[in-house]
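**Student:** Chain by chain, the residues run as shown.
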Amino acid sequence: MSLVDYKDRKIDIMMTDGYTDKLSFIFPNKIVAGIQKMVQNFILRFFTALGSNIIDQNAGTQFAQELKTAPQVESGYIYQLMSMAVTDVASQMQQVPSNFDDENIESARISSFESEKGYANVGIELISKVGESYEFIVPITVPIS
Amino acid sequence: MDITKLEEARLLMIKLINDNYPNVDTRKGTVIHDLLVSMAALGYASISEDIASFEEKMYLQQIVEDPASADEAVVDGILSNFYISRKLGGKAKGLVKLEVSESRAYYVDSNSLFQTIDGLNYYTTTDYSILPEDLFQQDDNYYFFVEVQAEEVGSSYMIAETTAMQTSILSGSLVSAEAFNDFDGGIDKESNQELLDRAPISLGTRALSSRQSITTILQEQFPEVRQITVIGYNDREMQRDKNNVGFKIGGKADIYVRTIVEPLNKTIEKTTDANGEFTLTSLENGEVPVLRVRNIALKSNPLNTITDFTVTAIGRQNPHLYRFSIYEQLKIETSLIEEDIIVTADYIPFIESIQEYVDSEESKYIRSDTLIRSYMPCFISMTINYRSSFPTSEIEPQIKSKLIEFINTYDQDILYVSKIMDELHNLDIININLPLEITGTFYLPDGNTTSQTSENKIQIESDFDLGISEKTYRFFIVPSDIGLNKLV
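Protein chains in written order, with my numbering: chain A, -16 to 128; chain B, 10 to 497.
Derived from the structure by calculation, the hints contain no laboratory data. Be careful, since some hints might not be right.
Claimed, not checked - Listed next, the in silico DSBU-like pairs over lysine-lysine satisfying Cα-Cα at most 30 Å (straight line):
id, chain 1, residue 1, chain 2, residue 2
1, B, K411, B, K428
2, B, K411, B, K466
3, A, K13, B, K37
4, B, K340, B, K308
5, B, K24, A, K112
6, B, K102, B, K279
7, A, K13, A, K112
8, A, K112, B, K37
9, B, K37, B, K14
10, B, K102, B, K308
11, B, K37, A, K51
12, B, K24, A, K13
13, B, K24, B, K37
14, B, K340, B, K261
15, B, K198, B, K411
Make a model of the complete structure from these sequences and hints.
**Tutor:** Below is the structure:
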């Protein structure tokens, strides 16, 4: 990840920068801007169930609800759900643009996908308006048959 | 939650942050927005809504505009600031006559259910053990009485005598069950509107010193009180404050009250003397005060009543000045010589309790001798010939209920037949044969009666020597004084 120039930028709180041994989230007193903020924004929306945020009911994705109610599913179905969720989130973010292009999303895609019984590792690549790329893996628990 | 209010709260939170921290990103999707602003806005909007709702309810003006939909608990809370509280109503009570086919011992449990055809439930409040010698005989059957109490508070439980009742007890022996007398004591819980009506006069001197404060205090202390008139110094009706030369010297107050809507009736057991006379004098035994003696019956045959008797106020120098109070004493002359009798009398309750209250050390007004009296009664009776497509069991209770409610709350000095007609026409299911003739029997404080019969009006005519005026008289009616005749 490239360094971020914080001058004249609007900052957000850093939601997390890792996990403790006990798997509880750490909320450090840190701030983010630039592509870090864009990625954080993406993850926040990605894991928000659509309609659960009473303030912004259009924010979020449906994959969690789909997987929660689905019986055993094929890995292809998981990939399809994730793909739709990634596209939805990118579209939602484009409707609330920042003044800085390195905080604006240009595109998002699934870059890798591995599934075993009970879990899937979904690799997601985000590209900002300035062409900067950021890739990360989202591990999720799924009822894969 | 109102979405508009929520959005306003969200924008307010964002503005607060932007004003104080212009470098913080508050766009949707940020942690600041989704986790902090949204939660703060939700809490703020929720609290604002509660405050607005609470403020709305707390304004007396808002309640006055729409008392029916105001929350009772809120109205009670606000009006407690005026030192007034809601009257909670009372349960109707009365005697049920149980006719049985066999002369034997009967046992009626406490809490036994009696039900009218309209579905009103009443329960006995005590156990009854009736021995064969306690039974009265009627033709080939026998009967006895039990007292029952309504399931709920309210005037709708004030059924009239002879109202048929059903019960599952005494099966095999029971021939019929019916209300023996008009049920009494059923008082509706005070509505928001009625409670509000008392608010304007509730603040003031909390002593029995003026008309306003007396009215306020007595209505607060005795929720059953519906109407109050205070007669005092310089009022022409006041006769008790005359000295022995005939000058009015003041220092007396007569308080006339009407308690529940309908006069109640009570039965008193007495024995006539060798002249056919007996007296009603005992407050302890509940003999006084009475509005009128309705009828007298031999104890051996309580269903055969007589109305041929005379009543005279006795006891004090000017006994008529104490009539309708707890100090009244009455002598009744009958043609029944040395007989055990049952006297049925109409009265309004709580006169004794109110007198006790105004005489108590804490509340007594030291500059005045205060006497509590029932309003002097003019009992109205009438027979209505009517047409209706509805069955008598449905229409007649409605007619009686309407008349009782109207006449027993009427507070003018002229009762017009046209106003009675207006009330009945409001039923909208009845056609009344005209002219409608009504009779008003004035029970005078000296024991005498006068009556007026008219197709037009019954009017209270003042006689200040007897303390009679529109201030001290009221019209009364009981169900048994309403005759109904359905025409085909």
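**Student:** Tell me if the straight-line CA distance from K411(B) to K466(B) falls inside 30 Å.
**Tutor:** holds (18 Å)
**Student:** Just to be careful, I want the Cα atoms of K198(B) and K411(B) compared with a cutoff of 30 Å; is the pair within it?
**Tutor:** The hint holds at about 18 Å.
**Student:** Between K102(B) and K279(B), is the straight-line Cα distance small enough, at 30 Å or below?
**Tutor:** holds (23 Å)
**Student:** Does K261(B) lie within 30 Å of K340(B) when you go C-alpha to C-alpha?
**Tutor:** Holds, at about 26 Å.
**Student:** Would the pair K411(B) and K428(B) pass a check requiring their Cα atoms to be no farther apart than 30 Å?
**Tutor:** holds (12 Å)
**Student:** So if I understand the rule, the pair passes when the alpha-carbon distance is 30 Å or less; does K37(B) with K51(A) pass?
**Tutor:** holds (26 Å)
**Student:** For the pair supplied as a hint, K37(B) and K14(B), is the alpha-carbon distance within the 30 Å limit?
**Tutor:** holds (18 Å)
**Student:** Keeping to a limit of 30 Å between CA atoms, is the pair of K112(A) and K37(B) held or broken?
**Tutor:** holds (19 Å)
**Student:** Is it true that the CA of K102(B) sits at most 30 Å from the CA of K308(B)?
**Tutor:** holds (22 Å)
**Student:** Regarding the pair K13(A) and K37(B), is the alpha-carbon distance no greater than 30 Å?
**Tutor:** holds (19 Å)
**Student:** Are the Cα positions of K13(A) and K112(A) separated by 30 Å at most?
**Tutor:** holds (25 Å)
**Student:** Does the alpha-carbon distance linking K24(B) and K13(A) stay inside the 30 Å limit?
**Tutor:** Measuring from Cα to Cα gives roughly 23 Å; hence the hint holds.
The structure meets every hint from the earlier list without exception.
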